[in-house]
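Q: Protein sequence lines correspond, in order, to chains A and B.
Reading the first sequence from the start, the letters are residues 17 to 67 in this note's numbering.
Reading the second sequence from the start, the letters are residues 110 to 351 in this note's numbering.
Derived from the structure by calculation, the hints contain no laboratory data.
Built from N, CA and C at the ideal position, the CB exists for glycine as well.
Heads up, some of the hints might be wrong.
Unchecked claim - Label-pair restraints from in silico Cβ distances:
id: 1; chain 1: B; residue 1: Ile192; chain 2: A; residue 2: Trp47; range: 30 to 40 angstroms
id: 2; chain 1: A; residue 1: Gln62; chain 2: B; residue 2: Gln294; range: 49 to 59 angstroms
id: 3; chain 1: B; residue 1: Gly188; chain 2: A; residue 2: Leu19; range: 47 to 57 angstroms
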Amino acid sequence: MNLQEFLAMGGYAGYVWTAYGLTAAILVWNWWAARRSEAEQLLSAQRRSAD
Amino acid sequence: MWLWLHKLGSPPHAYRLLGKMAPWFGWPALALILLATWWGLVWAPRDYQQGDAFRILYVHAPSAWMSMFTYVVMAVAAGIGMIWRIKLAHAAAASCAPIGASFTFLALATGSIWGKPMWGTWWVWDARLTSELILLFLYLGYMALRSSFDDPQRADRASAVLAIVGVINVPIIHYSVEWWTTLHQPASVTKLDKPSIALEMLYPLFIMMIGFQLYFGWAISRRLRGEILRRERNAKWLKEGA
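Next comes chain A alone, as it looks inside the complex (with noise of 0.2 angstroms):
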């Protein structure tokens, strides 16, 4: 199997991918916004306790 067929998937190449992409997507989401709050609430709380 080459590359070319690879990224094809038989033709159902659109379909694939974008399912692929999206769970990538919503993964990294899930990172990003898990360490966003918890970055949010610790800087809050030292700013807090600097008070």
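Starting from the known structure of chain A, arrange chain B on it as the hints suggest.
A: Just chain B now, kept in the frame of chain A:
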């Protein structure tokens, strides 16, 4: 044992423990998801009926499974919070909601993308799809309800009722393909006798499911840490340095 449980339920202890646990979930999750993606896209043989489109299964089924699993965790945590009045349990339930909502959205979206080439339509109002859509609304409703209260304790109690009542939807989703006529195929993996899918196609699915499960462990640890900080904003242990 009780002392240990009590210690576990204390916010500073839980906060530190979650921080230590998170990477033990996160890194294996990443490794397994990457392995399963490669296996599912490259090594797994093409389906004789669906061609390469069946590979969407490897992201669709785990996200659908996680959408229901997360809801059950959320409802159980909310129940524990209600019965034993444990704030940490309410915090855990609240942390589940955005994760579960994202998995539900993913299950619906990948299902829709799979449905188009296989069924010829993006969406049908049948039992499986509709009940999964209701699950998404339950998550969104839960989050909206929480954010409508200023008092966290009232938010905990009101949203817990919604979470617990809504859990009835989970078995409905699961059995919808048996109870009603639907376009969605019946379960081919979680059958008690023999799974009706080739083993070489099944391995990457199992790996992906374990990967997603670990990913959930990682995500809930991180979310819960943020939630604990938010609730404990005026606590002494925070000032003493976490």
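Q: For every hint, state whether the structure bears it out.
A: Cross-check of the supplied hints:
Between B:Ile192 and A:Trp47 the C-beta distance comes to about 33 angstroms, which sits within the given range of 30 to 40 angstroms. Between A:Gln62 and B:Gln294 the beta carbon distance is about 52 angstroms. The supplied range of 49 to 59 angstroms therefore holds. Between B:Gly188 and A:Leu19 the beta carbons are some 51 angstroms apart, a value that agrees with the proposed interval 47 to 57 angstroms.
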